[in-house]
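Residue numbers (my numbering), protein chains in the order written: chain A, 1 to 609; chain B, 1 to 515.
Calculated directly from the structure, the hints in this document are not laboratory data. Bear in mind that the values here come from a model prediction, so they are computed numbers and not experimental data. Check each hint, because a few of them may be wrong.
To be verified - Between beta-carbon pairs, the in silico distance windows are: (1) A/Asp357 x B/Asp284: 32 to 40 Å; (2) B/Glu228 x A/Pro84: 34 to 42 Å; (3) A/Arg229 x B/Asp284: 25 to 33 Å; (4) B/Arg28 x A/Ile452: 30 to 38 Å.
Said to hold, decoys possible - Only part of the chain B face toward chain A is listed, based on derived beta-carbon distances under 7 Å: (5) Val49; (6) His177; (7) Val283; (8) Leu304; (9) Arg306; (10) Leu309; (11) Gln426.
C-beta atoms are modelled at their ideal positions from N, C-alpha and C, and glycine is treated no differently.
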Amino acid sequence: MVDLVKLVARGIELVSAGDRQDLRQRLEQTLRRLLDPSIRVIVVGEFKQGKSQFINALVNAPVCPVDDDIATSVPTVVRHGEPPSAVILIPKVGAESANGEPALERRPIKIEDLAAHVSEKGNPGNRHRLVAAEVFLPRKVLAGGLSLIDSPGVGGLDSAHSLTTLAALPTADAMLLVSDASQEYTAPEIQFLRQAMRVSPNVACVLSKTDMYPQWRQVAEANRGHLDRVARDIPLFPVSSDLRLHAARLQDSELNAESGFPALVAYLRTDILGQTERLQRRSVAQDLLSSTEHLRLALQSELSSLTDPEGRPQMIAELEAAKDRADELRRRSARWQITLSDGVSDLIADMEYDLRDRMRSIQRDAEQAIDEADPGPMWDELVIWLEKRVAAAVSDTFIWTSERAQWLAAQVAEHFTQDEVPLPVLHVADTEEVLDPVHSVSVLNPGRLGPIQKIFIGMRGSYGGVLMFGLLTGIVGMSLINPISIGAGVLIGSKVYKDEKEARLRRRQGEAKTIVRSHIDDVIFQVGKQLKDRLRLVQRGTRDHFSEIADEHHRSLGNSVLAAQKAATTYNVEREQRIQYIKTELVRIGDLRKQAQALQPMPAAAGSM
Amino acid sequence: MSDATSSAVLELVRDAADVYRDDPTASRALKGYALRLEEPLRVAVAGMVKAGKSTLLNAIIGEQIAPTDAGECTRIVTWYRYGDTPRVTLHPTVGKPRALSVARVDGQLTFDLGTTRAEDVKRLVVHWPVKSLREFTLIDTPGIASLSEDVSVRSTRFLTPETSPSGADAIVYVMRHLHAADLNFLRSFRDNTVGEAGTVNALAVLSRADEIGAGRIDSLLSARDIAERYRRDDSLRALALGVVPLAGLLAQSARDLRQTEFAALVELARLDRNERERLMISVDRFVRFTDVTTVSSEARVALLNRFGLFGIRLAMVLIRSGVTDSTALAHELARRSGLNELLNLVSAHFQGRAALLKSRAAIIGVEALLRARPRVGTERLAASLERIQANAHEFRELRMLATVRTSGLGLAASLAAEAERLIGGQGVTPQRRLGLADEAPDAQLRESAMTHLRRWRALAEDPLTDRATAEICHVVVRSCEALLAAHVKGSAGRVTARLVLGPEPPSRPGEHTHD
């Protein structure tokens, strides 16, 4: 990593010699990224598959709580740090940071107390509302910026678990799906895998607990088959966390090899770390090459203008033309700008349609359910069902929108046909907290009649009956209250009671439907707003990103033209000196370029790091 | 279940058959219901893939006949019923049933379907001469949430069909942990069999309990705690009558522990502690070649497949703590596996209610038929159907049980628990209803029933009791009376009961169907 840092530092030094603040900023950003690498690997799986034990075995320390019953309730991040320490992240009450997300408070805790904070026992259903916990450990495995995230199990009793996991995925560099060797993959696991692959392409599978199941090889083979049907080349690692922990205790390297972990660690280091390193090298090389290219252009034009005065006018004309083209890119009416703004408005319209469509089908199902039975007693169940369906639909829309946004950015980048243009980093798929502003579903009157109410309704009917028939029978000389009139009273009373009951049922059904409808409306309104906001941010981000590139081009070309013109007025004495200076400068730049180029065609083993 | 109700249901089915005599589909269905009333209760074993359904089935049957494997194994709904000679019949979706050869590998049956594809098979029926099948017909179903969707569909179609009563009268639901898929399935099974007369007729089994604590020796204790948590979980309470942990593999294999296996276990148990621990560290180490023991690798693989690492560990502990012969070991393993507890629950909830559960299937079937194909004469049938439902006290108990489990009774917690027990929430034997030990003498039963009867009657007649509670009280009082009637010869108990019961609340039209 050190050589990269040195290279970038030299690049900054070169750039600051010229008057190019923009290039300098870009390189400084590159340097910052280099100095603080963070490769997030998220460990997911259904509950009770041994995710936490797997992380413990990987870092060989009991950091994540393990229990026979459901254990993890809060995501835990394990990363490199010296000395060992732990912090928990709690949202600050009432405080919001600049971009509208709630500010987090980092509270250090003792590493031994961690279990009390993140386990289902110490913190059932995440009662303390922790956002996450972070653990720092001095481990070789973690060096190089690897951080492991232990997530609560998916497919649990409430699918909110799986939503949080999916929400965390776009920010992760890789995902490990843990499933134990007791059985092959189930439908929910494969479904989750498919969904996750759309968000994060680096997926590997871990088959845990191989020490317990004699048939683990058969299960692994079956799983291999299932994975091949999802996508090719998803690696599968059979491991045994307990064996690795035993091995560490007994210092038994043979046992460690049997645990299957060495292969996994190798995968993490070469593939995941290696790949991100390769990516990083590529982007560093890219940054250096383009900055030096910008510098070289100005110096080269000045040099040619100094050494070859005759060709000067033609050169200036060419440069002017190039500058005009660069200007064209900067203008609002440039083709890429149009593509972007059209694309975003299309995207917003499509997204709204998609969201509405999904919500309407949910609403239809809910109304059907309400029509079929009395919504009073089953209201709680219905609300849970409704919330789950809504959450799932919203996350689908988000994933889909994020895919479309990436595609749009790529589309815009095509207009910059010069060298590979880096794409802006977009995060739309993050569904965390989108549903927060939506009010929870209101309470429906369960429709149980109290005894007094029942009597009252019955009485209301029977009163009329008694009176009517009492008067009638009064004609033949019977008293107002007589067996016939009472009988009629009872009959009519019960009829009224029954009618009233039916009317109340119908009213309740109507009320339930209204509640569902207004809830869905609320969701469409709030989620639609949030999605639109995010898409606008994407639009703005993309525009800024590409304008910057266009600006850089413009400035470089402008500088070159100026330099070439300036050369014409330079005196002979100074000219010699200037040529000398430019030549040495160009040699230095050329050196740096060569080194940057050497970074680019990657040797397969980036071993030394 | 009183015989009167049983025969009334049979009568109803016969009448319906008479009305629908010229409708071949309806006749066939009705003939099926009539037959079903006379057969043993149909208990299906259902659950997610690889939850251990077939293993559990073997454990209940007491012989290892249902095929089990590391991969997904059961792909066809398979019925196990009693027969004097072993026999396997294949019922295709179209065409006539045909007999398959009875082939066994290592005791397990293998089904050779020949040229028939699994999707064209409606069910396999195995007749087997085992005592336990005289009381139940056990039905093995393919796992739900399977990756091969058609397999899961076969299960759901059989257990929760859209228009007819479920193919099973009750289910034992096998799960490893409570997943959303489990809850959904149980809910649809309940809602399907509910119709108007809602009830809960599923038992949940926390299977593979030995694997819960990574095969540690205290795994079963952990499993017990988890089962206890699920028992209190409201969503599951509404769907299952009880939850028991079960180490299925142990239960299955302990029932036919062989002498050679016992000898091997004894030898392993006598090994030096360090060597033993080194051997037990993982399954791969356990079966690998070693010279510390004369038990061959193959024998160890067989042991592992039959008992699992946990079973072997447990057996070794038992042997070292003084179990000396194979019968005692088998007995102890079976006891610890949790099988007895499960069998007790099955008999308490299903066997005692067998006639009732079977009648329910018939009633729902007839009801669906009347609704789908009304014709001349069906009004009469509908009326007698309603009469049966309203009059049979057992149905009222079932309905109330469902209410207790789903929305609660609105009584104080201790009263609600007592009411639930008295109407048969813990099992239908008098001892279980009264919360007494299973061997309690008659005198004690009578006395306890009397005490309960008095208390509930007093509550029913209390002027401060609201109407809903009073109705609950009446059901409970009826249950108490039934208990007394069964145990008091002569008429003394009944007479007092009728004297104090007071007038029935005036029945109002429409009430029974809406409660």
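Verification of the hints:
In this structure, A/Asp357 and B/Asp284 break the distance hint of 32 to 40 Å, their C-beta atoms being roughly 52 Å apart. Between B/Glu228 and A/Pro84 the beta carbon distance is about 36 Å. The supplied range of 34 to 42 Å therefore holds. Distance hint check for A/Arg229 and B/Asp284: the Cβ-Cβ separation is about 28 Å, which falls inside the suggested range of 25 to 33 Å. Checking the proposed 30 to 38 Å range against B/Arg28 and A/Ile452 shows it is violated: the Cβ atoms sit about 52 Å from each other.
Interface restraint check for B/Val49: the shortest CB-CB distance to chain A comes to about 6 Å, inside 7 Å, so the restraint holds. With a cut of 7 Å, the hint placing B/His177 at the interface with chain A holds, because the nearest CB-to-CB distance is about 5 Å. Restraint check, B/Val283 versus chain A: the minimum CB separation of about 5 Å is within 7 Å; hint holds. With its C-beta approaching chain A no nearer than about 5 Å, B/Leu304 sits inside the 7 Å limit, and its interface hint holds.
About 10 Å separates the beta-carbon of B/Arg306 from the nearest beta-carbon of chain A, more than 7 Å, and the hint is not met. Interface hint at B/Leu309: satisfied, since its Cβ lies 6 Å from the closest Cβ of chain A, which is below the 7 Å cut-off. Given hint, B/Gln426 at the interface with chain A, is violated; its Cβ is 24 Å from that chain's nearest Cβ, farther than 7 Å.
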